[in-house]
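Peer 1: Once you've looked at the hints, dock chain P against the given chain F.
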Amino acid sequence: MSLDAIAARLRPRRTIRPTRDGWWCLGAALALGFAAMNTGNNLLYLLASLLLALIVVSGILSEHSMRRLRVSAVLPEEIYAGRPALLGARVANGKRWLPSYSVTLRSGARRLYVDRLAAGEEVLLTWESTFAARGRTRLPGVQVTTRFPFGLFVKAGRPLLEGEVIVFPVVRPVGDVGRRRPTGSSGRALHRRGRGHDLYNLREYRTGDDRRLIHWRSTARAGTLIVRELEAETAAATRIVLVGDGRRDAGRLEAALSEAASLAVHLVGTGVALELVGPGVDVPAGRGRAHQRRLLTALALYDPRSAAAPAAPRGASGASEIEVVLG
Amino acid sequence: MTEPSSRALSVAVYLLVTNGVAALFLGGLIGVVGLLLLSALLAGSWWQEPLGRRIERVPRLGMAIVTLGVVALVVQIALFAEAMLHIFAHLLVFLLLVKLYTRRTRRDARDIAFLTFFMLVAASPVTTSVVFLALFVSFLVVGTWLLMLRHVSNEADEATPSSLGRPPALGFGRDLFGLSLAASAATIVVTGLLFVVIPRVGQTALPTRPGGARIVSGFTERVQLGAFGEIELDAAVVMRVHLARFTGGRAAPEAVPSLRWRGIAFDHFDGREWTVSRSTRRSVLYQEWPAPFPIQRPYGGPVLAQEIHLEPLGSEMMFGAPRMLRLQNRSESVMIDDLGNVAVATASARLQYTVESEPELGDPRRRRIADARLPRDPRWLARYTQLPPMSPRIAELARRVTTGSRDPYDAARRLTAWLSRELAYTRVLEATASDPLEDFLFERRSGNCEYFAAALAVMLRTLGIPSRVVNGFQRGEWNPYGRYFMVRLRDAHSWVEVFVDGAGWVTLDPTPRDAGEAAPAGASVALWFDALRMSWYRYVVTYSFHDQAAAVESVRRAAWSWSAAALRPREWREVPRGALAAVALVVATVVAAAGWRRRRSVTASVAVPGFYARALRVLARRGLVPGVGETAREFARRAGTAPWAAPLVPLTGAYERVRFGSAVLTPAERAVVEAALRDLAAAARARPPG
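So the sequences go chain by chain: F and P.
Counted from 1, the first sequence has number 23 at position 23 by the working numbering; the numbering is strictly sequential.
Count along the second sequence starting at 1, add 327, and that's the number in the working numbering.
Looking at chain F on its own, in the form it has when it is part of the complex:
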């Protein structure tokens, strides 16, 4: 067993510290205990016992409240720098028949409060968080705490959700320049549904359809919402080529990576097979949402200090190329 593992085992499950009221209570109990011992007055013993009992009961009830609380993270699949991400935690009361009271989930300065969680009940607590920079980032973590029942002590569990997430570069809407067909593009219709430009079919609106695809003329004619279905387009491949290593100008590098990420999101959305090459970066061509995440991950983790020589282009596949200069 490693030292870390031993230390983790030895670390108490909960920490407890008095609040200001708690310090008052402890001080008063000590003073009264001293007075009781000094005078032998049993009523003073009784009052000192009351304060100590409040502390004991507070410990028991707060422990009961914290016991069998399960906290699990709810993280978005994609987190983009500069854009608020909705983070969440599910708090479930795993006790069989007793509720938990007055539990607070702390994450940084945030305090999310659950007043009562019935036995077996689960609650989803969410908050927005904005990550300033791309890359591998450690989550601020959350801690389940309670000052229940009297506010005399803060009992806190071990910090949770302290894992790492990958924050993708800033993605902006691509303008007309960005929408330009890449050099050498041989986009052609595939005669199947996709996200190209040509009309494939008209059909009734279904929940979840993009409202921008509503075909208003047909809608007016049919008396019900009609949407356009577009044909998929493809190219033999589109390659985003990162030029330079971006070591000289960090600002320029980030802007370039943001541009590359924005292009990648746009192009994957149009259904093209997209490839990414650059110094130390080589993501083979692919399509779809999962591929988009691979591309964004590569861009998020790009480090100019460890950038190797640019990968050699994959043969003369006829793929069109978009160059993004890192600086």
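If you're looking for bench data, these hints aren't it; they were derived computationally from the structure.
These numbers were taken from a predicted model, which means no experiment stands behind them.
Each residue gets a CB set at the ideal place from its N, CA and C atoms; glycine is no exception.
Be careful, since some hints might not be right.
Between beta-carbon pairs, the in silico distance windows are [said to hold, decoys possible]:
1) P:Val393 / F:Glu122: 51 to 57 Å
2) P:Arg960 / F:Ala118: 26 to 32 Å
3) F:Asp4 / P:Ala940: 46 to 52 Å
4) F:Ala118 / P:Ala1008: 23 to 29 Å
5) P:Glu485 / F:Arg247: 43 to 49 Å
6) F:Gly27 / P:Val611: 18 to 24 Å
7) F:Ala119 / P:Ser465: 45 to 51 Å
8) F:Ile16 / P:Glu485: 52 to 58 Å
9) F:Ala119 / P:Glu615: 57 to 63 Å
10) P:Pro526 / F:Asp4: 41 to 47 Å
Calculated from the model, a selection of chain P residues having no Cβ within reach of chain F, i.e. all distances over 10 Å [stated by the list, open to error]:
11) Gly358
12) Asp698
13) Arg741
14) Ser851
15) Pro977
16) Arg984
Peer 2: Below, chain P alone, put in the same frame as chain F:
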């Protein structure tokens, strides 16, 4: 903070304040006038907010009031030289009023709660009343409620709203009071445990009163005849005697015949007054507490242990059933004399003590105790047969009554019987210029217990039988709730001890029995309340290291006897069947509850959301029930053919998301679901069943 919780907090604060002020009043730290004035000020502070808005802001008013208060306290300390406790109490009252009139935040509520707690602390050294227990418990209950209320309000205010908009402090308020009651009950239990186990290392175990204790008058350390007046029938309880054990006795301790509590014996009579003679040998015993003081040598009979709780009587005498063998109290020394009188100088050590006595049982003439033989010393005999010059009629009467007696004890009994039969008891005493005893025996022929006792002792002495007069208390009223005797002031009594060869000093009571012992029985409620007071006094106020040691010892003995009994299976047969049935019932209940909980947890894990269950109940009332194996969506489709059941469709969608997608409904979705449920219920009501 929401309006209801704010109001609840105010109510809790004022309940605590009432509690604290009552504690000060109970301890005598504020008088009636102070109480009335303070009550008016407290009542006014309830409206401090509207009052503050109406009254124009006076610059530095608060500072001026505080300064005045401080000056008043300093003057009080310097000029009136009152006890510090009174000044502390006045300071608390002043701070309380300042806080009440300036309170704005919840922190002020906390401060007020602390101040009221210290009011209880201030009252604790100056009261032993059981009312303190009531104040203590009510403080605990209300204080717990206030702390929880304040905690919940603080948490709700400080919380960041969740993105899903779950509002804080919803639903908690409903069971907050119940929860605080449960917490109070738990706190009381833990307080009791801590109170019992915290080691008593203090020097004194009794309260101190700055103004001196109220002393109960009535018991006197002399017997004086010839005075006039009327004996008071004061029902004030002066002593409570708990019979702890009766070692070697066959009957229940409370059934021991003719129990009485001996205080002081007199050996010298001057014709009007009985006193303790100067020749009495006194000795002081020193003993390291908690060992008992040996008072007299035992004769080998059954020993009755009594725990005596005495009110301050203004007498140093220690009371106990005759013959007192051992005494245990919280003093380092006791003074005893050869009359069997025991005195303790430390007032606090007289308030609670334990006495072991050897009660007189059976006919004393049958005893042949070597230590109780008639002393041959003529000085001893002269001392207990001493008489002043008096009328020969008394001796003549004594001889006449005892004619034909077989022995001195028989003569003493004849005299006792004659006195109680021929003379009357009266509480009204008239002054006599002549010999009061002669007047009692031959003229008035009525008197109180002192006359009867004096007459018997004198008549015995005229016959040469050693005797002495004793003052003390009669047995008193048996309290079945607390299992002790309540001895009242009106139970003060005088009787006679006569020396019987081989049996020692034997008690004789010539006072007519009905006059001495007939006392109206107390009402059940009064007895119960007195038992509560006794328990409070016995287990809280006078709880000591000795009690702790005794408790540990009894637990150890009980554990030992239990384990020894458990090892002998035959003894299980002696366990009452009712107890076995009760144990079996408890075990069965626990097993059933565990099974129910298991089933419930399984059910809960597959339970449908509440809103969908409600929808199914509405539909079931109209005959629409899901088929076996029919999915929710299929059922919705089938039910949807009936136009009135159309709201089931969105409910089914929500149900699928919650049940199978583990989704949590947003407030908007919850609103939609609730609306659909209402529509479904309304449509179902409009449609006849079938």
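Peer 1: Does each hint hold? Answer for all of them.
Peer 2: The hints, checked one at a time:
1. P:Val393 / F:Glu122: 51 to 57 Å: Once the Cβ atoms are compared, 53 Å apart, the range 51 to 57 Å for Glu122 (chain F) and Val393 (chain P) holds.
2. P:Arg960 / F:Ala118: 26 to 32 Å: holds, 28 Å
3. F:Asp4 / P:Ala940: 46 to 52 Å: holds, 48 Å
4. F:Ala118 / P:Ala1008: 23 to 29 Å: holds, 24 Å
5. P:Glu485 / F:Arg247: 43 to 49 Å: Holds, at about 47 Å.
6. F:Gly27 / P:Val611: 18 to 24 Å: Violated - the Cβ-Cβ distance for Gly27 (chain F) and Val611 (chain P), about 45 Å, lies outside 18 to 24 Å.
7. F:Ala119 / P:Ser465: 45 to 51 Å: violated, 32 Å
8. F:Ile16 / P:Glu485: 52 to 58 Å: violated, 19 Å
9. F:Ala119 / P:Glu615: 57 to 63 Å: holds, 58 Å
10. P:Pro526 / F:Asp4: 41 to 47 Å: Check passed, 43 Å falls within 41 to 47 Å.
11. Gly358: Gly358 (chain P) is indeed farther than 10 Å from all Cβ atoms of chain F, at 21 Å.
12. Asp698: holds, 39 Å
13. Arg741: Correct as stated: the minimum Cβ-Cβ distance to chain F is 52 Å, above 10 Å.
14. Ser851: holds, 28 Å
15. Pro977: holds, 12 Å
16. Arg984: Arg984 (chain P) is indeed farther than 10 Å from all Cβ atoms of chain F, at 13 Å.
Of the numbered hints given earlier, the model fails hints 6, 7 and 8; all others are met.
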